[in-house]
Amino acid sequence: MNDFLNLSLAEARTRLAARDISSTELTKAYLDRIEATASLNAYITITHEQAMLGAAQSDARLAKGEGGILEGIGIAVKDLFCTNGVQTTAASRILDGFIPMYESTVTTNLWNAGAILLGKTNLDEFAMGSSNTTSYYGAVESPWRSTDAPDKKLVPGGSSGGSAAAVAARSAIAAIGTDTGGSIRQPASFSGIVGMKPTYGRCSRWGIIAFASSLDQAGPMTRTVEDASILLQVMASYDPKDSTSAQAAMPNLLSDLNKSIKGMIIGVPIEYQIDSLPEETSKIWKQGVNWLKSEGADIVYISMPHTKYALATYYIIAPAEASSNLARYDGVRYGLRINEKNITDMYTHTRTEGFGEEVKRRILLGTYVLSSGYYDAYYLKAQKMRNLLYQDFNQAFEKVDTILTPTTPSDAFEIGDNKDDPLKMYLQDVFTVPASLVGLPSISVPVGLSKRGLPIGLQVIGRMFDENSVVRIGRTLERAAQFKAMTAMVEDTTKDE
Amino acid sequence: MSIDNLTARKLANLARIEISEDQLKDVVENLRTIIRLFDQLDEVDTLSVKPMTDITGHFLSQRDDLVIDTDCQDKIISNAPKVDHGFFVVPRIID
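So the protein sequences, as listed, match chains A and B.
Each residue of the first sequence is one higher than the one before, starting from 1 at the first, in UniProt numbering.
Each residue of the second sequence is one higher than the one before, starting from 1 at the first, in UniProt numbering.
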């Protein structure tokens with residue numbers, strides 16, 4: 001059984017196709033692992049029966065030599081994707097009891113490729129957070145522990161914290177998440193896994209519960225860059241049901257994955273060397289630069305002068321869009337309803353009881369920046385800043401092929417830290433929001449451990465629709481870093497029983 | 001520009017969210033801290049910069065004008081807290 005848990009998605013595919021293992025065995029191993037690691041609270045819903053049924057059907061197809069790219073492989077899905085007939089919560093009380101009558105496009109693509117739903121993973125409420133502590137279903141615990149305070153529970157990062165913890169704890173071979181300002185990349189970095197946000201428009205947003213529609217993108221969370229490439233290839237598609245869906249076909253991400261990066265030009269933006277950057281992050285970043293240099297890439301130091309304004313810009317635009325998107329939760333058509341005396345009271349009580357503190361804060365912020373008298377000063381200003389950030393990246397990409405930065409300023413923090421200081425929490429996103437605001441593809445790859453023994457990731461940002469260069473540089477970093485560190489709870493699975 | 005108690009109450013009312021008296025101080029304080037971050041943008045001259053509303057750079061695509069089956073009333077109301085005769089039921093709106 002232990003063998004199953006340490007397979008990569010690519011290895012599992014090969015062995016399933018060779019009928020060396022069965023989907024039933026594989027799926028059972030992961031469902032058992034979900035149970036054994038239940039204390040992490042990574043899953044909100046486990047679709048046990050559905051998964052075993054799907055596995056049997058996959059085995060039948062595999063026996064006939066048929067099956068899709070992901071045939072028989074169980075995937076964990078962030079509970080922000082609507083899944084037909086399976087409770088979907090967005091980790092919010094306001095969606096209490098909501099069972100979608102339709103399937104999101106991204107998950108439809110997975111199932112059409114033969115993948116199996118293992119369960120729905122926990123997240124920050126409505127994907128708003130960087131710690132996965134704002135979920136109505138409770139905080140997610142990281143499988144990692146620091147060497148200096150091993151009794152303290154750490155956050156897996158957020159908002160796709162359940163997906164990250166599941167992959168890191170080996171309770172899913174791979175997971176999917178969503179990234180609005182870093183919600184795939186930051187938890188991937190904290191949890192020692194690979195997380196990728198593709199170009200805005202690559203993955204359909206149809207059926208993903210909306211947070212900030214001009215920023216939201218789905219993406220893969222896996223243990224290897226190759227696995228992320230395989231999964232993203234299946235997730236991405238043009239979808240007429242999403243008006244911002246990209247028509248350009250995704251090139252084959254695996255074709256260039258292992259090619260030499262000789263002659264590629266890597267930009268290192270000096271503005272990301274912020275004053276508060278811990279020395280160890282800075283050191284790992286430099287190490288990454290040296291790895292790429294020794295693989296034959298040319299390194300160019302670049303300036304992106306508006307970087308320091310990206311965070312403020314993001315925290316105007318994202319809450320503005322959220323306040324508008326979340327206006328639909330009124331207790332009328334689905335989810336929670338409280339107080340039926342009169343309609344205004346019903347709206348107000350439903351929303352007051354149904355939303356958590358962080359979601360309410362962002363709705364209020366969004367309402368403020370969009371309200372008459374403040375619109376020009378904040379929302380319009382932020383839209384202009386977004387253009388300046390776009391120009392920064394455009395100018396950079398005239399000189400370089402990809403950009404290398406840290407994913408997060410530091411390693412994972414304790415559950416409960418930064419709770420009373422929203423601004424400190426928002427600073428988690430300082431390196432991930434610029435690419436989000438401009439819609440660029442980016443990946444976080446685990447490359448080392450901090451002094452406290454916790455994972456640190458590096459981020460590769462590419463040109464619009466150039467996922468190929470992003471995974472290629474990501475793969476080079478992965479090969480150079482040889483990140484093999486495991487959490488104690490995973491090490492146990494590698495021992496013989 | 002800063003937020004006072006009155007503005008916070010007004011925003012809450014617009015957003016149909018209730019802030020209790022004992023939460024108000026914290027809510028206002030937190031909003032102020034975040035808005036101070038926003039005020040950082042005043043450093044940048046954006047007078048001649050165009051606002052960016054679309055990062056995709058392409059026209060929004062339109063669906064083909066085809067007849068599709070939208071007869072799924074039972075599905076639409078299946079999640080509603082209260083229904084009657086196939087309709088959503090809400091508290092009385094006109095007295």
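The hints are simulated quantities; they were obtained by calculation from the structure and are not laboratory data.
For every residue, glycine included, the Cβ atom is placed at its ideal position computed from N, Cα and C.
Hints are not guaranteed to be accurate.
What the hints assert, rightly or not - So the derived label-pair ranges between C-beta atoms look like this:
| # | chain 1 | residue 1 | chain 2 | residue 2 | range |
| --- | --- | --- | --- | --- | --- |
| 1 | A | Glu25 | B | Arg63 | 21 to 29 Å |
| 2 | A | Ala377 | B | Arg63 | 21 to 29 Å |
| 3 | A | Ile69 | B | Asp71 | 30 to 38 Å |
Unchecked claim - Restricting the straight-line Cα-Cα distance to at most 20 Å, the calculated cross-link-like pairs of lysine to aspartate or glutamate (EDC-like) are:
| # | chain 1 | residue 1 | chain 2 | residue 2 |
| --- | --- | --- | --- | --- |
| 4 | A | Lys241 | B | Asp39 |
| 5 | A | Lys308 | B | Asp65 |
| 6 | B | Lys25 | A | Asp421 |
| 7 | B | Lys10 | A | Glu353 |
| 8 | A | Lys424 | A | Glu353 |
Hints, one by one, checked against the model:
Judged by the Cβ atoms, the range 21 to 29 Å given for Glu25 (chain A) and Arg63 (chain B) is violated: they are separated by roughly 43 Å. As the Cβ distance of Ala377 (chain A) to Arg63 (chain B) is approximately 37 Å, the hint placing it in 21 to 29 Å is violated. Taking the beta carbon of each, Ile69 (chain A) and Asp71 (chain B) are about 34 Å apart, inside 30 to 38 Å as hinted. Annotation: proposed proximity of Lys241 (chain A) to Asp39 (chain B) is violated, straight-line Cα distance about 38 Å (limit 20 Å).
Under the criterion of a C-alpha separation no larger than 20 Å, the hint pairing Lys308 (chain A) with Asp65 (chain B) is inconsistent with the structure, at around 45 Å. Simply put, Lys25 (chain B) and Asp421 (chain A) have alpha-carbon atoms about 14 Å apart, close enough for the 20 Å limit, and the pair holds. Of the supplied pair hints, the one linking Lys10 (chain B) and Glu353 (chain A) holds, its CA atoms being roughly 19 Å apart against a limit of 20 Å. With a C-alpha separation of about 26 Å, the suggested pairing of Lys424 (chain A) with Glu353 (chain A) is violated against the 20 Å cut-off.
Hints 1, 2, 4, 5 and 8, counting from the list given before, are not met by this structure.
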